[in-house]
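Novice: Sequence:
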Amino acid sequence: MVHLAKSRLDNGHFSTEEVRRREKPSLSTSRPIAFAPNHYTEPPNLAAGFSSLDISCEGPIRANLIADNITKDGFRIAIETWGRSTLYAADSTFIERKATAKECIFGQFDTQDASHSPAKSATAPRAATTRKLAVQTEPVPRKYAKPFDFPQAFKQPVEVVCWLNRLDMGSGRDHDYKIRAFADEVDEGGFTAHLNTSDNGELHGAAMCWIAFPKRKPHVDSGRFSTNDVRKRTDPRPKTTAKVKFKQRFEVVPTVLAALSMLDAAGNADLRVRVSVSDVTREGFRWTLETWGDSTLYAAGASWIALAKTCLESDICYQLNIPDTTASSGSGDIYFQLSAPTSYQWVALGQGSGMVGSNIFVMYTSADGTNVTVSPRLGTGFQQPLRDTAAQITLLEGSGVSNGVMTANVRCSNCESWSGGSMDFTGTRSNWIHAYKQGSALTSDDLAENIQQHDQSAPFNWDLSQARGGADVNPFVGSAGNTAGPTTKTAASALPSSSPLRMRTAHAICASLAFVALFPMGAILIRVSSFKNLVWIHVATQTLALLIFIVAVGLGLHMATADHQLGQAHPIIGLVLFVSLLLQPVLGIGRVAIIMGMINGGLGLQLAYAGSGAKIAYGVVAGIVGVVYLAAIVFGEVRRNKHAIGNGQDEKGRDGLDREGSGSSGERAAEGISPA
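Note that UniProt numbering numbers the sequence shown so that position 191 is 191, with each residue one more than the last.
To be clear, the hints were calculated from the coordinates, so they are not data collected in a lab. There's no promise every hint is true.
[As the list claims (entries may be wrong)] Just the calculated beta-carbon pair ranges, DEER-fashion: (1) T505 / D229: 47 to 53 Å; (2) T380 / I624: 26 to 32 Å; (3) E188 / K247: 40 to 46 Å.
Beta carbons are placed, not taken as given, at the ideal position from N, Cα and C, and that holds for glycine.
Build the full structure now, drawing on both the sequences and the hints.
Specialist: Shown next, in the form of C-alpha cells:
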C-alpha cells in the first residue's frame, strides 16, 4: 500500500494508519516521501525508529522499519512483518541529515551483523579496534554487541541516541517481550552498540539505528527516559508519564523526537506500546509511555533528541550558525536561514535593536517564482530600508520555493560591521529584529525592489553561544541540528505576544480621533455655535479627547521604546504635545496644539512606513479638518470683535473662552483641555 505525502524537511513521522486502518493488517505498509526540491544535492542519510507498536501475540513479534530507495529527491518508508505474524499498526519517527555532514553521524546495528560479521565501521572497513566483540555461546543469543568507530574522531564529548527499528521475538506465556537497545564505551572515537534481552525473553533478532553528535552541538539536546524513572517493574500501569528537563535552556521551543529503545511486556497478550511527547517548552517536556487493552507493560523506555530553530511566528522561522573560526576571531563568515510561506509578500531579518541603523536582509520570491531574492538593506528612520551595495552575501544551496514555502540559506561575509552598526560574534548576547508583510508575492529579482510597510516587526535576542560550531560551508542543508518541524510561536526575549500591528493601529486610531476629530470639533463648536450648555459640551468633548490621547501616548511610548525610536521626531513632538495638553488651562495654546497634532500624525505615518494610500487618505481628511478649523478661528475672531460689547453675559462668557492666552484659567480650560 502506498500513500503520497507532502514534502518535509529534516524530520518526520510515519504511521501505518495513514495508509490503512488497524483492522486491515498487511505484511507491508509503505509510502514515498519527497524531499523539498533543491534541499539535497545527493542522497541524505536517514535514521528511523519505532514510536508505537500493535502486534498480535498469536504469532512471533516481528516488525521491520525500512527507509530505502533514497535519492536526493525523496525516499520510501515502510513498516513490514513476515511469516505468521500479524502487525495491526505501528508508528515511526525519522530524521535526515546531509550525507557529508561531519558533526552528526548516523548508523545501523543489526544482530545479524554482530552474529556473523566481524566488527566494522559504519561507513568504512575498520582495520582494528580496542573493543571486544561479545562472544555468543547460547543457542538463542541473549546479548549482542558491536563496536563502531567514527569515520573521523570528534573533538569533544559525544552523545549517542539509539532507536529500535527491527524486532523478531518469541511470544507466549513463557516468553515476555524483552529487549533493550543502548550504547556504552562512548568516547570521541567511537562506542559499542548493544541489543540485549533478559530473563524469559526470546530474542531471535533485532536492529537499531544510532545518531551520534557533539554534546555541545548548538540547538540540540538528547537523552533517555523509562517507566523505571517513575515506578517499579512490579507495579505495571497502563500509562506512565513524567517530565524531562533539558540540559540546556533553548532560546525557542524545540521539536522533540522520541522512539522506543526498551521493552518489557507480558508475552501472553498482544504487544501494545506507545511513546509520546507533549507540553514541550524551552525548559523541557512531558513524556508518556502507555499500553492498552489486555496488554501488561512492565517497563518501557525511549531515547529522544530535541532540535530547535527560532520561529518568531508559527510559520516564520530563522536559523543562525556562527562557525568556530568566526566566533574566535570576531570576523568572518556567518550563516543564517529565513523560512516563511509564500503568503507573505516579504520577510526580513536584521541585525540591531531597532530599524534605525540596522543591517536588514529582506527575502521575497524571485521573478520566476521558483527561487527567492535576498536584498541586503540599511534601516533608516523616515523611509523604507534602502539597498546596501556594500553587503557581501551569497545565496546558498537549498534556497528556493517549495510547497508554498520560501527558504533562503545565506552566507554573510561582512556582517560583523556595517554602515550604522556592528555585532560582536565573540560574545553571547546579540540584538536582532524581524519583520514581515503579508500579501501577494513580489516575484522580483530586483535587489532594490520597492517594498510596502511591514505588518509587524519586533526585536529579539539570539544567544550566539547556542549558534556556534562547525565549519560547514552550508550548515542548513540536511543538518540534523536544523529542524523544520512544528514549532510553538515563541522566542527568547521577544516582545509580548500582543501584535505590534494591532498596537500600532490602535495608536493611530486613538491619536487621529483626538487630533483630527474631537479636539477640532470641540474648538469649532465653541466658535461657531450658540446654545445652552455649549461650554460644558465643549469641556466634555475636550476631556474625552484628552483621555483618548493619553491611551495613544501610552501605546506610542511602548512601541517607541521597543523599537528604540524615542529619538525620532514623531515621538518627541507627541510627548511635547502631551505635556502641553496637561498645561493647556495655564498656557492657552490650543490652536497651535491642534495644528501640530495633525502634522505629527503625518510624521507618524512616515515613521511607520505607511503605504501611499494611507498617507493620502490621512492628508486629505486632516487637510479638510484643518481648513475648517482655521475658518472657524477666523469666523470666531470676526464675530468676537463685532459683538465684543453689549451682547449679554452668556455671549461675553463664550467670547472670553475663545480668547487664548487671556481671561481666567477656567475660561481657558473651556477653550481647550487639548493637546499642547
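Novice: Now look at each hint and say whether the structure bears it out.
Specialist: We went through each hint and held it up to the structure:
1. T505 / D229: 47 to 53 Å: holds (50 Å)
2. T380 / I624: 26 to 32 Å: holds (31 Å)
3. E188 / K247: 40 to 46 Å: violated (19 Å)
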